[in-house]
Amino acid sequence: MDMKVKNKLGLKERYAVMTRGLDWETTYQPMDKVFPYDKFEGIKIHDWDKWEDPFRLTMEAYWKYQAEKERKLYAIIDAFNQNNGHLGITDARYINALKIFLTAVTPLEYMAHRGFAHVGRQFRGAGARVACQMQSIDELRHFQTQIHSMSNYNKHYNGFHDFQHMNDRVWYLSVPKSFGEDAFTSGPFEFLTSISFSFEYVLTNLLFVPFISGAAYNGDMAATTFGFSAQSDEARHMTLGLEIIKFMLEQDPDNLPIVQRWIEKWTWRGIRLLSIVAMMTDYMLPKRVMSWKESWELYFEQGVSALFNDLARYGITVPKCWEQAKIEKEHISHQTWATFYQFGAAAAFHTWIPGKEELDWLSEKYPNTFDKYYRPRFEHWAEEAAQGKRFYSKTLPMLCQVCQIPMFFTEPDDPTKICYRETDYNGDKYHTCSDGCKHVFDHEPEKYVQAWLPPHQVFQGNCFNPGVDPTVEGFDPLAALMDYYHVQNGRDNMDFDGSEDQKNFETWRQTAKSNT
Amino acid sequence: MDNVFIIFQTNEETRNIVEAILQDNPEATVNEQPAMVRIDVPGRLTIRRESVEEKMGRDFDLQELHLNLISLGGNINETDDEFSLSWKH
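Order-wise, the sequence lines are chains A and B.
Start counting the first sequence at 1; every next residue gets the next number (the numbering used here).
Start counting the second sequence at 1001; every next residue gets the next number (the numbering used here).
In isolation and in its complexed conformation, chain A is listed as follows (with noise of 0.2 Å):
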């Protein structure tokens, strides 16, 4: 027998064969007209061969890793109900981080899902195509694990009943949507820009690796388990990010300066989303693995700086906001749960003042800021709560047009001073929370113009369920739209102190350790 054996394809054999050559040109119909998409954002492709995919995965390969992911995944899931994992956490103020998770974050997730369902139909290129179409599935499992993952903390606890409904309706859960539905209208690359590339690559990181982290830190297995699961995708989104940036800059120096502007106006997004990531890192984990300023300088500070020496060599600079987030990391977890604390009562989720122990611990992290600018206003707070005079604003906050986060930003050369951008545009005046911002929104007016701002629609009498009357006498608002939200007033928000959750899982876990 002289048969010669074949020996098996090698990795990028067996990528080109599974990935190129599976689409076709048109013959009755123009291609442009089949891809009507991928040209109206100015970027110029010449051959969409050059995309490759580094981890070059085949669909044989993806649907086994997956799959295998899955099962370890729902494994643990059982485990962690079965034996009321839920009893095993620090402390439950720390499930409030998980109310913010599933109404912001997880919607979020759908929105990818269908993102990238739609480009991964746009692009031309088969190579781009099977990618998106891969982290399309991925995202749509993410939002279904993640649902999964919590849903044995909704048979125990408030505020994760509707989160969906809330998603579209709540004043501070209009932050995230706005963000994904201004992705989502974006043209194709643009969308990859913004989600692939500055969300993914640049910032995801700080999302899922040191609260997730923490989340184990604090006992929470469920969190833990599909935070890393999803992270273990999100490895391949961020090769996906990098790709689709180089691949652009490589088809035509004509691309540099509009992937320029989409960078800069994309790293600023994410950035202020991050805000309430920021919170949840330094406020919400009651043992704390490290600072959100200790996160920021890691992986965004040290690990982005390396990825922008890359791209520097086809004229990539790294964002102008790079400074003002420098500056920003020691202040913004503080104001945004400063903010919260005082919108307590219109939250979905309880609110708190750190002890003491928790307080030094800020102290410390934040020697520069925490003591001269936070720490006194959190005590001044928590003696205010003790003498009974608990503070809870009963208006709305006004809205940054953009990033549609509440006006609490401060001047970068002032913490003391609250920073307002405006612009007129059509005889009208709109508001911004930096120049970051107001760039944003100088350069797209007529995108931003037409921003869904929960605190006008609740005052344009938008956000009140039918039949309620205003106009009666003794109405209150407040109640009347945590209604409207399906957030149970009394029970779902204000302080977490004197809670039903509180007091809940105080007793559960009494009768976790004893007979009574």
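Hints were generated in silico from the structure; no laboratory data involved.
Ideal Cβ positions, reconstructed from N, Cα and C, are used throughout, including at glycine.
Hints are not guaranteed to be accurate.
[Stated by the list, open to error] Listed next, with one range per pair, are the computed distances between beta-carbon atoms:
1) Glu1053/B <-> Glu70/A: 23 to 31 Å
2) Lys1088/B <-> Asn426/A: 46 to 54 Å
3) Lys1088/B <-> Ala16/A: 20 to 28 Å
4) Asn1077/B <-> Ser363/A: 56 to 64 Å
5) Lys1088/B <-> Met59/A: 25 to 33 Å
[Unchecked claim] Listed below are the simulated PhoX-like cross-link pairs for lysine-lysine, each with C-alpha atoms no more than 25 Å apart in a straight line:
6) Lys69/A <-> Lys1055/B
7) Lys1055/B <-> Lys50/A
8) Lys320/A <-> Lys417/A
9) Lys64/A <-> Lys1055/B
10) Lys72/A <-> Lys1055/B
11) Lys8/A <-> Lys44/A
12) Lys12/A <-> Lys1088/B
Got chain A; can you put chain B on it based on the hints?
Same frame as chain A, but now just chain B:
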């Protein structure tokens, strides 16, 4: 030279992978955090299939890395025998 990095979930499989990385990348530093392990290397990090197989005592497909991967930084180059991260081109 900027660091490249890779982060894995902490478990029995990655214990072997991390050992293989440390053996093949003398400049690597390990940082263990709750439920995860992060490895930083200046310039370039290489994971060799053979080294991992030796540690694990079984066949190993480098694409199995996907199962336990949390994050990474650097440009990827992957073949059947080697997975590397670097800032070089």
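- Message: Hints numbered earlier in the text: which of these fail when held up against the supplied structure?
- Response: 4, 7, 11
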